[in-house]
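Number of protein chains: 2
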Amino acid sequence: MNATTYTARAHTNIALIKYWGKKNEELILPMNSSLSLTLDRFYTETSVTFDERLKEDLFLLDNSKKNSIKVSKFLDIVRQKAAISIKAKVVSQNHVPSTAGLASSASAYAALALAASKAAGLDLNKKELSRLARRGSGSACRSIYGGLVEWQEGNDDQTSFAYPIKIPTDFEVTMVALVISTDYKKISSRAGMKRVVETSPYYSAWIQNTAEDLNNIKQAILERDFETFGEISEENAMKMHALNMSAHPHFSYFEPDTIKAMQIVEKLRSQGISCYYTLDAGPNLKVICLKKDVQVITDFLSDSFGQEKVFVAGPGPAAHLI
Amino acid sequence: MNATTYTARAHTNIALIKYWGKKNEELILPMNSSLSLTLDRFYTETSVTFDERLKEDLFLLDNSKKNSIKVSKFLDIVRQKAAISIKAKVVSQNHVPSTAGLASSASAYAALALAASKAAGLDLNKKELSRLARRGSGSACRSIYGGLVEWQEGNDDQTSFAYPIKIPTDFEVTMVALVISTDYKKISSRAGMKRVVETSPYYSAWIQNTAEDLNNIKQAILERDFETFGEISEENAMKMHALNMSAHPHFSYFEPDTIKAMQIVEKLRSQGISCYYTLDAGPNLKVICLKKDVQVITDFLSDSFGQEKVFVAGPGPAAHLI
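Chains P and B supply the protein sequences, listed in that same order.
Residue numbers for the first sequence follow the working numbering, beginning at 22 and rising by one.
Residue numbers for the second sequence follow the working numbering, beginning at 22 and rising by one.
Be aware that one or more of the hints could be misleading.
You can't tell identical chains apart in this list, so a pair holds if it fits in one copy or across any two.
[Claimed, not checked] Below 20 Å or equal to it, Euclidean Cα-Cα: the simulated DMTMM-like pairs (lysine to aspartate or glutamate) are: (1) LYS207 to GLU287; (2) LYS281 to GLU244; (3) LYS43 to ASP72; (4) LYS288 to ASP204; (5) LYS87 to GLU248; (6) LYS43 to GLU329; (7) LYS281 to ASP204; (8) LYS87 to ASP314; (9) LYS207 to GLU47; (10) LYS94 to GLU219.
Simulated from the structure, these hints should not be mistaken for lab results.
Owing to the predicted nature of the structure, the values given are computational and were not obtained by experimental measurement.
I would like the entire structure built from these sequences, with the hints used as guidance.
Put into structure tokens, the structure is as follows:
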């Protein structure tokens, strides 16, 4: 086998209907289906070379050598599919503004899935790539596609994968990301969702309710109803964060500035600007809005937090080789 | 009937197991039982005089004349019990530091229930007083008693009342109240809990779970286990506030400084000080602690927020005539 290098680029995605809890930790099967927007601004580029001269897998992230245990475990899945046992060199670069704190395991494992499968001689279709990326990080299965993407929970490895949702042409959804902190998370999303599944008295209601949210948001997309789309997204995020507050021990990703930013968005909304917020396993707020309102929203957030904390991102493309 | 004036004093109470939702709006029957601590520091004094010369009820609060519609409606219940139809003068004074924002309808209606029933010639026992106070404001039924108090939800007017929980002598629970804002509430507790009951997908789980919290906290009190007592209180409060975030439309009483104060309490706790927080339908935090730790907690909160924002309160007495 030739030691050919393949390089892939995959973009990060932000869930509008949240994934928060696994029904299978090993296969990363989620407790519920989710829906996300892939963003153009933030992406990971990863090169993979299977090289028989290597004694062990090598992993370089942003130009420095990293512990490769998780990457190796993922490569093992690829090697098994390709029936090879060659070690690989993985070189990965996050293209995220250094202050943004938006580097994500979603873009990382989507890029790795594409580059590694090609380098291993596999030619997977998108559904297969989505399944593979999922094994590295659940939300990575959504970053295989561009724009709005649904991840159907499925019941096993075969049936749990993502696919794109067609965005109506005049539905110009955009995101304004506000970076509040780039600190390490107090509790990782993996640990946080696990604690929630195991201890929150609200969890079974969440599962039932979020399925309704998913149906309703897909209907809102079909009807080009941006207000309903935004409202469902914001309320779904709040219901997810409510789970964390109801866990034992309880926890929260909110920082004082998270509340301040939420209040700014609510105020803008009360003034007639259609904007809604969502946030994940961290304090940073993402504002969902229409392209025409990006300027006024970035202006308001920049005034309060500094323009170096505010980033605009539109819908991004599918993972692709470069 | 002589126009005799009776004056009563009742203290505010802070719920540790929260009341958040009614099953009967007219009778103010709660969806779940609750448990509170009556505080010594904050109270209302109310004088009531039934006077045949009055053409209508008169209500003075903190030396200024107020709309008497709610007070009159409450007096109607008293008049009905006493079989009189005389109008009354009600003079009420809140004894709460002016910046504290801790004036409460609980102390107000407990004092009014005691003073008005006596002035109307009734001689109600505590259980009857608790039932009567409940009709003005649900949590007022707990302010009839001092110290730790349980309000059993009941099924009708007769069975929904409060009673005291014996505090072990060496269980010196104290509260440090941090005032974050004295602004009017964005949404009243009455409206907030109603929205939650009607729209939160988590509400039925809350009802089930909070009954467990109540049993567990009573056991912790019996066992003088302050850590468990504090932990249950804090988590019950967080589960209540999680309900607000899951309502439609969602809402929250958190301000940026609420999060900041929670983080300070969590940090003190990680340093070995047994302190826990609770909060109600507003941004102000109440820290539950032992008497011996009051100084270090007030020092830390004063450093961050100013000493004029920090108030210490111990267990307060039952409502009484003065």
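Numbered hints the structure breaks, given as an ascending list = 2, 3, 5, 6, 8, 9 and 10
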